[in-house]
Amino acid sequence: MNFRNFMLISVTLLAAGLFLAGCGPTETFDDRLQAMVTAQGIRPYEPPPSPDPVLVTLGEALYYDKILSGNRDISCATCHHPTLASGDGLPVSIGTGGVGLGPQRQMEAGRERIPRNAPEVFNRGAAEWRTMFWDSRVMLDEDGEFITPAGNRLPDGLQNVLAAQAMFPVTSRDEMRGNRGDVDVWGQPNELSAMADTNILAIWDGLMKRLLAIPEYVTLFQTAYPDTPLEELDFTHAANAIAAYEAEAFSLYQSPWYAYLNGDRSAMSDEAKRGAVLFFGDAGCVACHSGPLFTDQQAHVIAAPQIGPGKGIAAPYDYGRFWETGDPRDKYAFRTPPLLNVAATGPWLHDGAYSTLEAVIQHHLDPDTALRSYDPAGHLPPDLQDSFQTNLAVIEEMLGNVDPLLKPSRQLSPQEVEALVAFLEAWTDTTVTDLANITPTAVPSGLPVTDN
1 MNFRNFMLIS
11 VTLLAAGLFL
21 AGCGPTETFD
31 DRLQAMVTAQ
41 GIRPYEPPPS
51 PDPVLVTLGE
61 ALYYDKILSG
71 NRDISCATCH
81 HPTLASGDGL
91 PVSIGTGGVG
101 LGPQRQMEAG
111 RERIPRNAPE
121 VFNRGAAEWR
131 TMFWDSRVML
141 DEDGEFITPA
151 GNRLPDGLQN
161 VLAAQAMFPV
171 TSRDEMRGNR
181 GDVDVWGQPN
191 ELSAMADTNI
201 LAIWDGLMKR
211 LLAIPEYVTL
221 FQTAYPDTPL
231 EELDFTHAAN
241 AIAAYEAEAF
251 SLYQSPWYAY
261 LNGDRSAMSD
271 EAKRGAVLFF
281 GDAGCVACHS
291 GPLFTDQQAH
301 VIAAPQIGPG
311 KGIAAPYDYG
321 RFWETGDPRD
331 KYAFRTPPLL
341 NVAATGPWLH
351 DGAYSTLEAV
361 IQHHLDPDTA
371 LRSYDPAGHL
381 PPDLQDSFQT
391 NLAVIEEMLG
401 NVDPLLKPSR
411 QLSPQEVEAL
421 VAFLEAWTDT
431 TVTDLANITP
441 TAVPSGLPVT
451 DN
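Note that our numbering numbers the sequence shown so that position 375 is 375, with each residue one more than the last.
Just so you know, these hints were derived from the structure itself, not from any lab. Nothing here was measured: the structure is a model prediction, and the numbers come from that model. Incorrect hints may appear among the rest.
To be verified - Below, in silico cross-link-like pairs of lysine to aspartate or glutamate (EDC-like), each with a Cα-Cα straight-line distance of 20 Å or less: (1) Lys209 to Asp234; (2) Lys311 to Asp296; (3) Lys331 to Asp234.
Claimed, not checked - Just the calculated beta-carbon pair ranges, DEER-fashion: (4) Arg180 to Ala442: 30 to 36 Å; (5) Leu230 to Asn262: 44 to 50 Å; (6) Ala315 to Ser269: 26 to 32 Å; (7) Pro149 to Pro316: 20 to 26 Å; (8) Gly291 to Asp434: 22 to 28 Å; (9) Leu201 to Lys407: 25 to 31 Å; (10) Lys407 to Gly181: 33 to 39 Å; (11) Arg265 to Pro328: 46 to 52 Å; (12) Glu108 to Glu145: 38 to 44 Å.
The C-beta atom is built at its ideal place from N, Cα and C for all residues, glycine as well.
With these hints in hand, go ahead and build the complete structure from the sequences.
Structure representation (structure tokens):
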């Protein structure tokens, strides 16, 4: 082979390699990503103003205090814990009656798991939020009105959709309220569990009676709401405080991606930049994971494996958004999750069906193959593996209703999937692992803060 032919072959191979990598011979991934950022108007997350510190102080006490549960054995933090990236590390959660924290939590005999994965609470104070819960059953409509399971019984005074969300876990029997006949950790009858499920106002009033029987809470509420007489306080005041604490404590967004969008071109690796080009381009992820929170807050059917106890009369299946709308197109649809800090918040999907981000991406790229070949032993703890639903008719029904937005413009290689993961990892705030330091050592009720 002469030198001229050697050089011709070398240049040809180099050009082919650059083409396969997704760029022209003189164009870098940084160039392409910058063009996408400009063309798509991609902007960094803008945090909201910090809430009133006295409201945050009250909310912190309430967030960690098990006094809000019927049996006085579980707090908001049990399922949304700082040391577990504001989740619980479980595919589907274990509510009241459980013992322990995170993956080590054990369920009491006669209880059922909560049907869905405990979502992280990062950046929930953002002004962009309009929906809460996997099925968006709490919403803020275009007129600024709340749509919730309470209907017209929802009290006035809620400050945002996050506060509206905080009204409801305390009313759920499996999550926090408990079953009829339960006794609490002090051996006393659980008066909240004796109330009818439909009497939601009485449940909220009962919680406020508990709180205002504790002198320290009286002081905290009076400090946070100095213009509101004690007799006019209701659970919306507690919910506003919980939301304020969550918004302040879990506002974590300063990631390599945030730095990159703010001008630091060296903040992300080349592999993460390649993943970004795929995310906003051929992989089609941005069709649903859009905006600074990486969610369109809409419900989509992705044919996620059905695991856990299921929900409502459809158990062992979970129909998702369908229960709220009655629209057959919403059967098995769940809201697009936000993705800031996503690499820290597994397991993933509405029921925690996947234990790796690679598997989540592969499912989105090819739901048919992923669902039919799902291996519960590879992703679930032993006690949940048999709950995976394999009914072929249901599988066909889900696959037949998959949102067409899931289809990428082309197949992706294993290397490209790894690049997408690298980009997802670039959304992790550097202080996520420091959250263990924010848990208080005591709460006004005197109940233990730890769940160990």
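Hints, verified against the model:
| no. | hint | verdict |
| --- | --- | --- |
| 1 | Lys209 to Asp234 | 9 Å, holds |
| 2 | Lys311 to Asp296 | 24 Å, violated |
| 3 | Lys331 to Asp234 | 36 Å, violated |
| 4 | Arg180 to Ala442: 30 to 36 Å | 31 Å, holds |
| 5 | Leu230 to Asn262: 44 to 50 Å | 46 Å, holds |
| 6 | Ala315 to Ser269: 26 to 32 Å | 44 Å, violated |
| 7 | Pro149 to Pro316: 20 to 26 Å | 22 Å, holds |
| 8 | Gly291 to Asp434: 22 to 28 Å | 27 Å, holds |
| 9 | Leu201 to Lys407: 25 to 31 Å | 46 Å, violated |
| 10 | Lys407 to Gly181: 33 to 39 Å | 51 Å, violated |
| 11 | Arg265 to Pro328: 46 to 52 Å | 47 Å, holds |
| 12 | Glu108 to Glu145: 38 to 44 Å | 39 Å, holds |
Comparing the model with each earlier hint shows violations of hints 2, 3, 6, 9, 10; every other hint is respected.
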